[in-house]
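Enquirer: Turn these sequences into a full structure, and let the hints guide you.
Just so you know, the sequences run in chain order A and B.
In this text, residue positions in the first sequence follow the working numbering: the first is 5, and each later residue adds one.
In this text, residue positions in the second sequence follow the working numbering: the first is 469, and each later residue adds one.
Derived, one-sided and incomplete: chain B residues facing chain A with beta-carbon distance under 8 Å:
no., residue
1, Ala-483
2, Asn-550
3, Val-556
Partner residues aside, some chain A positions facing chain B, computed with beta carbon under 8 Å:
no., residue
4, Val-119
5, Tyr-132
6, Arg-140
Worth flagging that the hints you see were computed from the coordinates, not collected in a lab.
Glycine residues also receive a C-beta, built at the ideal position from the N, C-alpha and C atoms.
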Amino acid sequence: MAQDPNACAGGCVKADVKSEQLPTIEKAPTGIQGLDEITYGGLPKGRPTLLCGSAGCGKTLFSMTFLYNGAVQFDEPGVFIAFEEQPGDLIKNVGSLSYDVERLIAEKKLAIDHVHIERNEIEESGDYDLEGLFIRLGFAIDSIGAKRVVIDTIETLFGGLDNPAILRAELRRLFEWLKEKGVTAIITGERGDGTLTRHGLEEYVSDCVILLDNRVVDQLATRRMRIVKYRGSAHGTNEYPFIIDEEGITVMPITSTGLSHDASTERITSGIADLDAMLEGKGFYRGSSILISGMAGSGKSTTSAHFADAACRRGERCIYFAMEESPTQIIRNMRAIGLDLQRWVDKGLLKFSAKRPSLFGLETHLASMHRDVELFDPSSVVVDPISALLGAGVTGDVQSMILRLVDFLKARAITAFFTNLTHGKTENATTDIAISSLMDAWLLLYNRESNGEHNRELYLLKARGIAHSNQVREFLITSEGIKLRDVYVGPEGVLTGSARIQQEAKEAAERLLRDQDATRRAREIERRRRQIAAQIEVLQAQLAGEEEEAGMLEGEATAREQRLAKDRAQLALNRSASRQDNQEKGR
Amino acid sequence: MVAPTEGYNLRLYVAGQTPKSVAAIANLQKICETHLPGRYNITIIDLMKDPALAQRDQIVAIPTLIRHLPEPLKRIIGDLSNAEKVLVGLDIAPT
Numbered sequence: 005m006a007q008d009p010n011a012c013a014g015g016c017v018k019a020d021v022k023s024e025q026l027p028t029i030e031k032a033p034t035g036i037q038g039l040d041e042i043t044y045g046g047l048p049k050g051r052p053t054l055l056c057g058s059a060g061c062g063k064t065l066f067s068m069t070f071l072y073n074g075a076v077q078f079d080e081p082g083v084f085i086a087f088e089e090q091p092g093d094l095i096k097n098v099g100s101l102s103y104d105v106e107r108l109i110a111e112k113k114l115a116i117d118h119v120h121i122e123r124n125e126i127e128e129s130g131d132y133d134l135e136g137l138f139i140r141l142g143f144a145i146d147s148i149g150a151k152r153v154v155i156d157t158i159e160t161l162f163g164g165l166d167n168p169a170i171l172r173a174e175l176r177r178l179f180e181w182l183k184e185k186g187v188t189a190i191i192t193g194e195r196g197d198g199t200l201t202r203h204g205l206e207e208y209v210s211d212c213v214i215l216l217d218n219r220v221v222d223q224l225a226t227r228r229m230r231i232v233k234y235r236g237s238a239h240g241t242n243e244y245p246f247i248i249d250e251e252g253i254t255v256m257p258i259t260s261t262g263l264s265h266d267a268s269t270e271r272i273t274s275g276i277a278d279l280d281a282m283l284e285g286k287g288f289y290r291g292s293s294i295l296i297s298g299m300a301g302s303g304k305s306t307t308s309a310h311f312a313d314a315a316c317r318r319g320e321r322c323i324y325f326a327m328e329e330s331p332t333q334i335i336r337n338m339r340a341i342g343l344d345l346q347r348w349v350d351k352g353l354l355k356f357s358a359k360r361p362s363l364f365g366l367e368t369h370l371a372s373m374h375r376d377v378e379l380f381d382p383s384s385v386v387v388d389p390i391s392a393l394l395g396a397g398v399t400g401d402v403q404s405m406i407l408r409l410v411d412f413l414k415a416r417a418i419t420a421f422f423t424n425l426t427h428g429k430t431e432n433a434t435t436d437i438a439i440s441s442l443m444d445a446w447l448l449l450y451n452r453e454s455n456g457e458h459n460r461e462l463y464l465l466k467a468r469g470i471a472h473s474n475q476v477r478e479f480l481i482t483s484e485g486i487k488l489r490d491v492y493v494g495p496e497g498v499l500t501g502s503a504r505i506q507q508e509a510k511e512a513a514e515r516l517l518r519d520q521d522a523t524r525r526a527r528e529i530e531r532r533r534r535q536i537a538a539q540i541e542v543l544q545a546q547l548a549g550e551e552e553e554a555g556m557l558e559g560e561a562t563a564r565e566q567r568l569a570k571d572r573a574q575l576a577l578n579r580s581a582s583r584q585d586n587q588e589k590g591r
Numbered sequence: 469m470v471a472p473t474e475g476y477n478l479r480l481y482v483a484g485q486t487p488k489s490v491a492a493i494a495n496l497q498k499i500c501e502t503h504l505p506g507r508y509n510i511t512i513i514d515l516m517k518d519p520a521l522a523q524r525d526q527i528v529a530i531p532t533l534i535r536h537l538p539e540p541l542k543r544i545i546g547d548l549s550n551a552e553k554v555l556v557g558l559d560i561a562p563t
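Expert: As structure tokens, then:
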């Protein structure tokens, strides 16, 4: 199959064939973060690209960035033909992106030519062409050896000149001429009604068409970019959000992330020793996504801060995306529970990125978070709270955005801690944004009311790959940070807070009572033992006395026996003498 | 309206010897001879030879005729084949 590229018309192995055997088109990198990824290398080199979009969507900045990066990063000088803006204004406008255009002009790496056309200053008489424009462009290109050209916005010509037939012919000639010159060009065009450009420039520039868009949904604007076509090259086909800020332009190819990330077996502490103990004593897996959900005031931010603190203690970087509090407020509040986050900020380990969700649209949020992560390269990230993003879009969008964020962080093996504010019932095992299934671990924080007080409880609902504790713990925020206590579970039910303390006191009293009882009984036994021993002694003494008496009696008996025997013998002796007498008498 | 008393200072920008350029030069000379005899001065600038002037003088279309004097500056583009429009463009009342 590889020998015959036509054999596989369906495109099954075409991509391989193309990249290995057939010449691919050369590309000119734009240096715009993200764009070079989705175009697989940049704009078609030596060909014109049409950049279209409605007013204010960033065409001019986009083009200027292309030239600026070309001159600074790729040693390709560029020419900017401006139909709409004066060079001075242009330089000032891009100065906001910290582009030092004046220096580049002085170094002959950039040339700006402003073409001024005013219809009411011009009278037309007979046939003409736009050779003047060609000459200017050619002169500008040759004077600095330009490899890149931007024409912004050539459609102004249609407003300035009367004869559209001539204009169209000349535009066609211009784009051919640019190709012959071998310059990589961007032609910008204003978006028309139902067409890409108002005057159909897409008919002439057909190698690559990029559409910029600044859409407003629910009063929130999001810039998006789409590559409409790219002849001779694969390209990302989705709409990609992009942001323009002081760092320049960043395009986010975020939908391209997949599920191919590596799973780490390394365990990292959650920053709360008692919580680690619930996780086999080792904490979470590195690179996992952890959701912590709970009602207002259940301690989500505090838990997050512990996590961030633990990351910084390991000497790792962490970004804290705060959606509802300012960094100083968080630092102050955490100081109250013995966490000094300021020192990590000072050391450059902790970065706060505090932005209101309503500041801009979801995609822009995501894009700016991406950028922060790319620039700071943290090992851990806290998003507090992720539910705040609901205010920045509809639920489905928020979910897909968070999905992409989770994927992105996982792909970079960043451990992420998301907090989610829940409403209503305390034990709410669903999240408003239905993201719990994306998470590797899920901590639930309850705030339960009993006996006239609210007590915090923590439950580890899931922790993938970890034999975690199934116990509800009482969650205490002390001046030394978070402590987890075993809740009282017994015949009285599950008790927390003062009820638990009361129960514990009761039990302690009972225990004391039991202890006292035991000692008393031990003493009793001891006393009786001694009593019995004493009795035994008495009896033994008695026995000894009796034995002595018995011995005495026996001695007496023996003595008497002997005496008797002796007496008898004497008697016998006496008798035998007398018997002789008797025998004599009796005969 | 007071007719301009000073002479006309005209510049014609062309690019090489194209048919349009040649036609424009011829048409301009004819118009000036007819309507401004002795009161005009034509400079022909070939941008092929001096391309930097195209930027300086804001030339886009070729041929371009610029009236420098009398003030204000006037521009006419095309091969000047429509004499009426040239006269309007140069503010010359047809005689």
